[in-house]
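A.B. asks: Between the sequences and the hints, there should be enough to build the whole structure, so can you do that?
Residue numbers (our numbering), protein chains in the order written: chain G, 1 to 521; chain U, 1001 to 1119; chain F, 2001 to 2630.
Honestly, the hints are just simulated from the structure, not real lab data. The model shown is predicted, which means the values in this text are computed figures rather than measured ones. It cannot be assumed that every hint is accurate.
Which chain U residues stay away from chain G? Per the calculated CB distances, all over 10 Å, these [unchecked claim]:
#, residue
1, L1013
2, F1017
3, T1025
4, L1078
Restraint-style ranges between C-beta atoms, simulated for each label pair [as the list claims (entries may be wrong)]:
#, chain 1, residue 1, chain 2, residue 2, range
5, G, T18, U, L1078, 22 to 28 Å
6, U, L1078, G, A216, 21 to 27 Å
7, G, G236, U, F1068, 57 to 63 Å
8, G, L166, F, I2618, 24 to 30 Å
9, U, F1068, G, R122, 46 to 52 Å
10, G, P17, U, L1078, 14 to 20 Å
11, G, D20, F, I2618, 24 to 30 Å
12, U, F1068, G, A216, 43 to 49 Å
To be clear about the criterion: a stretch of chain G counts as covered by chain F if any three or more of its residues have a C-beta under 8 Å from a C-beta of chain F, and this derived list gives those stretches [what the hints assert, rightly or not]:
#, region
13, 226–236
14, 246–254
15, 451–461
Quick reminder that beta carbons are idealized off the backbone N, C-alpha and C, glycines included.
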Amino acid sequence: MSGVLSASVVADTFTLPTIDYGALAPVLIVAAAAVIGVLVEAFAPRGARRPLQLVLVFGSLIAAFVAVVMHAGIRQLDGGGAVAIDGPGLVLQGAVLLISIVGAMLMAERMVDPAGDAFAARASTLPGSEDERQFSSRGFLQTEIWPLMLFAVTGMLLFPIANDLLLLFVALEVMSLPLYLLVGMARRRRLLSQEAALKYFILGSFSSAFFLFGSALLYGYSGSIKFGKIAEAIAGNPGQNMLILVGVGMVAVGLLFKIGAAPFHQWTPDVYQGAPTPVTAFMAAAVKVAAFGAILRVFYVIFGGLRWDWQPMLWVIAILTMLIGAIVAVTQTDVKRMLAYSSIAQAGFILLGVIAANPAGLRGAIFYLVAYAFTTLGTFAVVTLVRDSTGEATHLSKWAGLAKTSPLTATVFAIFLLSLAGIPLTSGFIGKFAVFTAAIEAGAMPLVIVALFASLIAAFVYGRVIVLMFFADPPADPPAVVVPSAFTTLAIAISVAVTVVLGIIPQPFLTLLEQAGVFIR
Amino acid sequence: MNVYAPILVLLALGAAFAIFSVTLTSFTGPKRYNRAKRDAYECGIDPTPQPVGGGHFPVKYYLTAMLFIVFDIEIVFLYPWAVAFDKLALFGLIEMLIFIGTVLVVYAYVWRRRGLEWE
Amino acid sequence: MEVTTAAGGAFAYLWLLIGFPLAGAAILLFGGKRTNRWGHYVGTLAVVASAAYAVILLLALMGRSPEERTVVQHIADWIFINKFSASIALQLDQLSMVFVLLITIVGSLIHVYSIGYMKDDPDRRRFFGFLNLFVAAMLLLVLADNYLLLYAGWEGVGLASFLLIGFWQHKNSAAAAAKKAFVMNRIGDVGMSLGIMLIFVTFGSVTFSTVFDQAGEASDTTMTWIGLLLLLAACGKSAQFPLQAWLLDAMEGPTPVSALIHAATMVTAGVYLIVRSGPIFDQTIVASTVVVIIGTITMFLGAFIGSAKDEIKKALAGSTMSQIGYMILAAGLGPVGYVFAIFHLLTHGVFKANLFLGAGSVMHGMKNRENMRRYGALRAAMIVTWLSFMAATFAIMGIPPFSGFWSKDDIIHAAFEHNIIIGICAILAAGFTGFYMTRMLVMTFFGKARWEDDQHPHESPPVMTIPLIILGIGSIFTGIGLLFWGNIETWLEPVTGFETRELAIPAIVLEGITLLVVLVGAAVAIAMYRRSVAVEAPKGNVLVRAARNSMYDDAINDTIAVRPTYWLSRSLVWADRSVIDGIVGGSAAFVGGLSGRMRRLQSGFARSYALAMLGGAILVVVVMLLVRLP
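C.D. replies: Given below as structure tokens:
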């Protein structure tokens, strides 16, 4: 034990890390665009900022996606082993970028709210104050959201390819810090939004502390922060001790917090409800993909040899997550809170793919993530459209009879809900099927039964909303479904298309995942 | 586990010192309270007024403090680079320039947005 | 062993069977208001085209030798996940063929009927769009060559049924009914998905032919589980005990929907599933016994409910449950019963559609009121409806030579071969059938007129009565036709297997006893309802009241499922927001003390969230360590 530790500490050999900047291009492009975005904020005149930022955001995200596509087939460790660029990593990066593009479309929307976009005109003004009113009426826009978003995307792109605990931690913070801010910037119901941001920040820091503590223990155990080295140490030392077990647990806590797994889920409903809805859509989709990417890599690459130890723990977490998410969703009366609990349940289902700990589980989980992400983007996008005089009409009673006033919107929302419920011919079904069969293959039949039971309860939740929209009478003061600009329209169209196409012809994507292979060790 | 023994000893010493000093002062120190002493301690500045009745929450102090930390931490990174300058060679120089450049961008933003002005 | 042949010749366009109604649905649902004027004709034409093609296919199939009647058409590769694969491929064999004929022909008649029935509905186009969608999905269900594709059709019919139940959104009860159908069907789906996954894990495939070829190799326990899970799926779709509650509520939909979906086709999908999975059920005595028991329970349950309901459609729904109970019972008997389950399914499809359309015709003439206590003496006002309804009533009661006689008697016979108690149950249920159907007939068409003052009963237009006449003729002759001309037993044998055993008592005696019991039931009904029917329902005894309330299924579901879920959800919400301190605090004094400290340190709920996280972290570590302990 002490030998391992001192050997690496005392080591005086120093080699320069080689960095293949080309392979890191997606991350670098987005990061550079974010930095330029800050400069735009500093020097560009007020009126020019939004158009410039939009060009930067969409330009960099698309360029980064092209870079990811061009890297298809690369499989290497980089930066002295701190970064692993491999098939699943690239697929996850591509997914994050596409989700971000759609998310950015939602954030760019200016037609649905008569006062401007979904963000406070000036986030620093006191809610309800004269200042706030003035800034708002003069049509100010908080264009800092764009660099913030790009920084978050940078973190998300690093998250699934980080192959080193320290880089993983940096990625986690780069992803989270901008999100804490974005959450607090809603134009309407600002107190709720700010409270959510503060909660998210405090709890997020708390979870980071767990992660860091776990990393320290893992370093103490193995003498390295590199995934590969830790895995070697575990393999070479079959008699585990407290250090490694607690370390695995603590790192898991930090990561499970980000995906909203129970009992680390409690921030989710508050934050999803309080955040500006486009931000909710973006983070519900993209953070899940990135964080699950990291979880998959950590549990496959580092802890692969320890699976008999962590599988029971994840069983408990997955069961809690699925059941709490589904059951609590039953009594929710706010659409955004309901979707938040539903996303908790969905995270539990995806955990089954992690627990399976086989290539099938990996592929299933990634498929499920992508399917879930686009469906979620779509659901929240629809939420932004249903409004009354006070902003979004999120109370479920307002959604009654929506099909009568706006059949198209209701139908689209119903398609998303059916996908979340896992009805065949939607992407959600294929995702569930892929993950569940992988779990059964790995011998987790009881877990799958619990999952189906939870999805049954969840189906009740979704079914209730569908029935409400299609069969109930509209309330006395029905909300209006506003006609959005091309941004949101396109975002919803893409989400519907992905949801349906992945449900009917999933094969191309499944083949892609097959080709992507498994994580590099 | 002998490598951890010194850490444990240090931990014990630290805790003992803290307990010892707090206990000692609570016995030996005079207790003469006035208004200022009863106020919450906020880094030596006036305690913040509560945001009721439209009272603003002054963040100027914290803003400046945070900016200080940002640029302070920058220096922390420069030290090891300077120590290992020879070994890192050109690679290190370029990386460091990128790093300083990024921090400069932040500086530019803060400056343009008048974050450096007190009033 | 049967030979599977690739689709060629007349079979080359097998996909068109589904393609026609699917195209119809697409035109009607996406075409918008432009198609309002002629949409219903397109919808009808699409199904008629499928029916015509189905007849051609039947002739082509009959032209082949019995071993070569399984045709498979591969359309596209669908899913390949690791070892798992499912393709979009259709399989037409003798079993699917009879279903296709039932669906398209009865479907065509119901489409024609709906032109008249939905004439004044502003949403007639949408209605036909949904109907077409349903037909397409149902055809997919019976033509699929693997379980996954079957499941896609299974959900498709569920969706269409859901949309059609709630079609009349202005009725509040329709919304509740649609929700109930959705949830109950999802329970069935849990069985379906688990069953399919288990099949895949066991056999490495979900294609029928591959699975059935290896059926003998798996362990008994596995087969029992698969069987039970598929049965759960069947219970959801076919309204079998304990998932029967939604069917009665489903009657909120327009009557042609009740006829097509909730009587003739969709609700029999469960029977199809069990018969199709025959090779699996043959391996497991436990599962098939449970099938028989479920069928028997539902047979009585439906009969009770049908005997007490005063709304004509609900009484018919009870009867549907009961008759499907017969089919499930027969399907549980194994190769002795499969053929008869399907036989009864076919005759039932015809005469039950006839009964529902007849009921619809009565309601059409009675301002859409359903209460039979307010009917009476309608035979003079609507002669065609009355005659066709009577033909179907005799058919369902099993009076020779009406069609139900042949199929039901076969089931009773098979039940006796299996077990004398089941046989006696089947005969008793037949007596109930006699009772409730006669009651319905008498209350509606005979006795004194008990109409409300504003009623002017009249016969329906020809577009509605012609389908009734055709179905009425069908109610008389389908049984004889299928049995003697169609040789249903030998026709289905290559797919389902068929065997028969000798009984101790001669068949003719059994038939005589059955007929006697039915007639006794009918006589009781006549005695009770011939003279006078109270306009207000009398209070009745415990059993009557229970039956009238559908055996309190709502209350039961509420007590055992809905309320506990809500309670749990509420308490979890509460726990989410407030009692975390308590839960964690109870576990250790240390944490309890910490909680007090943290309360002072932080404000708002974030503190209890953080505490929950701490608790979670402790949980994670404890579980990790516990696993190591032993």
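A.B. asks: State for each hint whether it applies.
C.D. replies: Taking the hints in turn, this is what the structure says about them:
1. Separation of U:L1013 from chain G is adequate, the least Cβ-Cβ distance of about 21 Å exceeding the 10 Å criterion.
2. A cut-off of 10 Å between C-beta atoms confirms that U:F1017 is not in contact with chain G; the least separation is 24 Å.
3. At roughly 30 Å from the closest C-beta of chain G, the C-beta of U:T1025 stays outside 10 Å, upholding its exclusion from the interface.
4. With a least CB separation of 18 Å from chain G, U:L1078 remains clear of the 10 Å interface cut-off, as annotated.
5. Separated by about 23 Å at the C-beta atoms, G:T18 and U:L1078 satisfy the suggested range of 22 to 28 Å.
6. A hinted range of 21 to 27 Å for the beta carbons of U:L1078 and G:A216 is consistent with their spacing of about 25 Å.
7. A hinted range of 57 to 63 Å is violated for the C-beta pair G:G236 and U:F1068, which are about 46 Å apart.
8. One distance hint, 24 to 30 Å for the beta-carbon pair G:L166 and F:I2618, holds here, with the actual separation near 26 Å.
9. Between U:F1068 and G:R122 the C-beta distance comes to about 25 Å, which lies outside the given range of 46 to 52 Å.
10. Taken as a hint, the range 14 to 20 Å holds for the pair G:P17 and U:L1078, whose Cβ atoms sit roughly 19 Å apart.
11. Take G:D20 and F:I2618: their Cβ atoms lie about 42 Å apart, and the range 24 to 30 Å is violated.
12. A hinted range of 43 to 49 Å is violated for the C-beta pair U:F1068 and G:A216, which are about 28 Å apart.
13. For the region 226–236 of chain G, the proposed coverage by chain F is not satisfied: 0 residues have a C-beta within less than 8 Å of a C-beta in that chain, short of the threshold of three.
14. Residue count for the region 246–254 of chain G with a Cβ under 8 Å from a Cβ of chain F: 6. That meets the three needed, and the coverage hint holds.
15. Restraint check on the region 451–461 of chain G versus chain F: 7 residues with Cβ-Cβ distances below 8 Å, three needed, restraint holds.
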